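Colleague: Chains U and R, in that order, are what the protein sequence lines are. All the letters of the first sequence, read from the start, carry residue numbers 127 to 625 under this note's numbering. All the letters of the second sequence, read from the start, carry residue numbers 127 to 625 under this note's numbering.
It cannot be assumed that every hint is accurate.
The list treats identical chains as interchangeable, and a pair is accepted whether it falls inside one copy or across any two copies.
No farther apart than 27 Å at their CA atoms in a straight line, the calculated lysine-lysine pairs in the DSSO-like style are these [claimed, not checked]: (1) Lys130 x Lys180; (2) Lys180 x Lys221; (3) Lys584 x Lys618; (4) Lys465 x Lys584; (5) Lys298 x Lys511; (6) Lys221 x Lys130.
For the record, the hints were derived by calculation from the structure and aren't laboratory data. For clarity, every value in this text was computed on a predicted model and none was experimentally measured.
2 protein chains.
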Amino acid sequence: MNEKMNRLRRLINQVQDLHGAAAVLGWDQQTCMPPGGAAARAEQLGTLQELAHKFFTSPEVGALLDSLADHAKELDPDSDDACLLRVLARNYAKKTRVPSSLVAEIARTSAAAEHVWEQARAASDFTMFSPHLEKLVSLMRDYSACFKPFAHPYDPLLDDYESGLNTESVRKVFEGLRPRQVELIRKIASRPQLSDEFMNGDFDAQKQLEFGSMVISKFGYDWQRGRQDRSAHPFTSTLGFGDVRITTRVMPRRLDSALFSSMHEAGHALYEQGMSQSLMRTPLADGASLGVHESQSRLWENIVGRSKPFWKHFLPHLKEAFPQLSGIGLDDFYRGINKVQPSLIRVESDEATYNLHVMLRFELEIALIEGTLNVAELPEAWNAKMSEYLGLEPGNDAEGVLQDVHWAAGLFGYFPTYALGNLLASQIWQCAGRELHNLPGQIANGEFSELREWLREKIHRHGAKYEPSVLVRRLAGADLSPEPYLRYLNDKYGEIYGL
Amino acid sequence: MNEKMNRLRRLINQVQDLHGAAAVLGWDQQTCMPPGGAAARAEQLGTLQELAHKFFTSPEVGALLDSLADHAKELDPDSDDACLLRVLARNYAKKTRVPSSLVAEIARTSAAAEHVWEQARAASDFTMFSPHLEKLVSLMRDYSACFKPFAHPYDPLLDDYESGLNTESVRKVFEGLRPRQVELIRKIASRPQLSDEFMNGDFDAQKQLEFGSMVISKFGYDWQRGRQDRSAHPFTSTLGFGDVRITTRVMPRRLDSALFSSMHEAGHALYEQGMSQSLMRTPLADGASLGVHESQSRLWENIVGRSKPFWKHFLPHLKEAFPQLSGIGLDDFYRGINKVQPSLIRVESDEATYNLHVMLRFELEIALIEGTLNVAELPEAWNAKMSEYLGLEPGNDAEGVLQDVHWAAGLFGYFPTYALGNLLASQIWQCAGRELHNLPGQIANGEFSELREWLREKIHRHGAKYEPSVLVRRLAGADLSPEPYLRYLNDKYGEIYGL
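Work out the full structure: start from the sequences and follow the hints.
Modeller: See the structure below:
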């Protein structure tokens, strides 16, 4: 058995090295690559992905997994080997179920669709994009059909990003959440609006970056095993074990963009940097799911980074870096950075409204996959939901249905993980508050090491060893629940807006 | 035949994509990678190289080459297909002749040796390094033996870097060259020394970089298909067709380091950027040899960049950037940057002495490979030759036999290409001077496009389609000759030192 396990690990190591190399190429593409490199880079990435897929789905991997299946049952279920075998068997079953011709067609179609989407968004013209979206929806239905039987055709898509979760349970969570979030936003809208005018001004880009670096260093981001660069859209990427890089975007006329995006990405990066070294070069050196990953970024960005104790500590430092803020008191600053204002654009929305953007997309993509909504009807359906949930009407497709790249990129089933991350962040925070002594006091002292180490112990070090639901139960002693999140929102905004 | 050719091209494209991906990983390692990424990066690079080697030496590639051999004879010998088949057949025969166990042992041994060499050089202690060098010399002899029969055991090593050249002909060239270069240096030493004191001072790093960028932009370096970064040792790397990056090192107390290294690397980069797009994703998108590559860097750095017409144009601009130079006249500046001063260190040596450093290494490594010199005797032999050729005695091993990484990295046969590049640069320059109207006048006007396009037409666009000797004959109508180089040195230094 040992020999077979070693052989399997060697094969998997090679696959992961190819994924790691692709991550280096992808990071470079978004931060460094000159425009002339695009064509060759696309070929290189195509080759790496093709080889990784071919090696992973090889008959030898399948035979090794089969012959190790009984062995797996004898192992300690928490051991690395047992978890690796479980994850590999699951991924192998999924990947080998989809014909490689379909995989290639989805890749080709989405590459072309992304290109057209960019132009369509620039021209704010959905009709340019709709034939490509129609093709992609049809391909997604074909993809989903590979996993029959299922309770719902959206289940296999969701499962790619949130292993073990199904459409019905997400729907239930969201349906419980939506009316209460809508109600909160209506109540907030009835109160006098707050000002975040102090965020506009002239803020030196270098100083913004330095302040953000100082903050995430205190969180525990390890610069020996990472770096920060600038890119058009902020992201975190693991280029190999011990090399977890983040990027940010700096707006010299606006103070919050770089700062909160740095905290957000650092949250993702702490997860990746906190994984146990024994998981290196295996698919276990990854997040448990996109939702769990997002919980970490949201926890550091919002629950920590937009809290009053946090700014009790950091506001004096921020004023040192930017003396034009010297007249702002802690309360006004805290209220300003937590201003609630429904927005047409998901990525610009605040904590209280964000999930509604997600639910809108979740409902629409389910309807597309079910076939109960045609692509041609999508803009109208989008605008109607936007009006119902957020009281806003997009003036054009660019600020409506064309705003996100996800569908063009073939990422159906991805959106819900953003909202699940928000819910989970609150649930995790509730546990941390119970288990750690005076967490708000620690934060007010600029002390984050206990929180970080607790997260590492409970979540980070395990990587993808556990299904998200198992991880949550181990950690919280309960299933994923929206209650901590609703309580968090109501408490926070109740106080801020005097509800 | 077409079908077989297409299949072969597809296989080779994949191999080249893996090499390209490895180039991205290597560039990143030297410019961006945080220290924590080293272990995973080594694994990723190992996997990419192993797969590239395995795919290239596969029986399928061999069978395709065999079955296309007759077809190749019917093709226009200048066509891409004919050249590709010739280069592939040659590389396949070489690569499959060496057992993969030996390849792996050389890789392992040199990785360890490089590590020890760094420590040995820091401690200036050759005895630390000598057991590793002994092992490497022995492995190099084993490697060479794979190519028996040969006229000389050094021939197969040389051939890896300078295809088609043999030990005897290099020895003949060097033996004709050495006494005349030694004589020139002795004559120079008898004249009053020149001053380059103006190169020392306080030179803002950013301004140095900007000045260098301005110069190489005028050469024609295409920033849409490249970029410049800083690294410990300057280098040029092609990360993929259309993505040719250079690096430099800036010394804020010394003006010439970044400037001349930028021109040197831009010379390499113009070669890579000038290759025909039809060669993309094949091994033909490469230099004809290391010597030809070095000829391009030396031509731009030395023959152009250290010429009087060049500085007639650029010195006023340099004085604008660095007003502390305002008192220096063109003649004094020109003589200063061409000061000849024998140095213990190859990479710090001037145009007149550089080749002697190379010949010394060439003679020693031949003796090691022949077995006529023991590793234990190497430092003494080094010092004796240093004294004979350059009149200098190293004070310790660090500034003597331990100064270069090449032997530790297993690069035997590499050194001569540096000197061949110098010779070739002068020979190419002579042709350019004959074929282009008033080249010195163009340079004095800051005009480089005719020269660059001529080089592209004669050399760059062909990539590795021709053997170096064929390329030289097509271009110069003659074989490689040291005469243009000797004439260039004698004319230039005769005038500068008043010989």
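Colleague: So, for every hint listed, does it hold in this structure?
Modeller: Cross-check of the supplied hints:
In the homo-oligomer, the alpha carbons of Lys130 and Lys180 lie at most 27 Å apart both inside one protomer (20 Å) and across protomers (22 Å), since each shortest distance falls under that limit. In this homomeric assembly, Lys180 and Lys221 come within 27 Å of each other (Cα to Cα) both inside a single copy, at 10 Å, and across copies, at 25 Å. In this assembly of identical chains, Lys584 and Lys618 lie within 27 Å of each other by CA distance solely inside one copy; the values are 26 Å within and 72 Å between copies. When the C-alpha separation of Lys465 and Lys584 is checked against a cutoff of 27 Å, the pair qualifies neither within a copy, at 32 Å, nor between copies, at 66 Å.
Only within a single protomer do Lys298 and Lys511 lie at most 27 Å apart by alpha-carbon distance; the minimum there is 18 Å, versus 84 Å between protomers. Taking CA atoms no more than 27 Å apart as the test, Lys221 paired with Lys130 passes inside one copy only; the shortest distance there is 21 Å, against 31 Å between copies.
Violation of the numbered hints given earlier is confined to hint 4; every other hint is satisfied by the structure.
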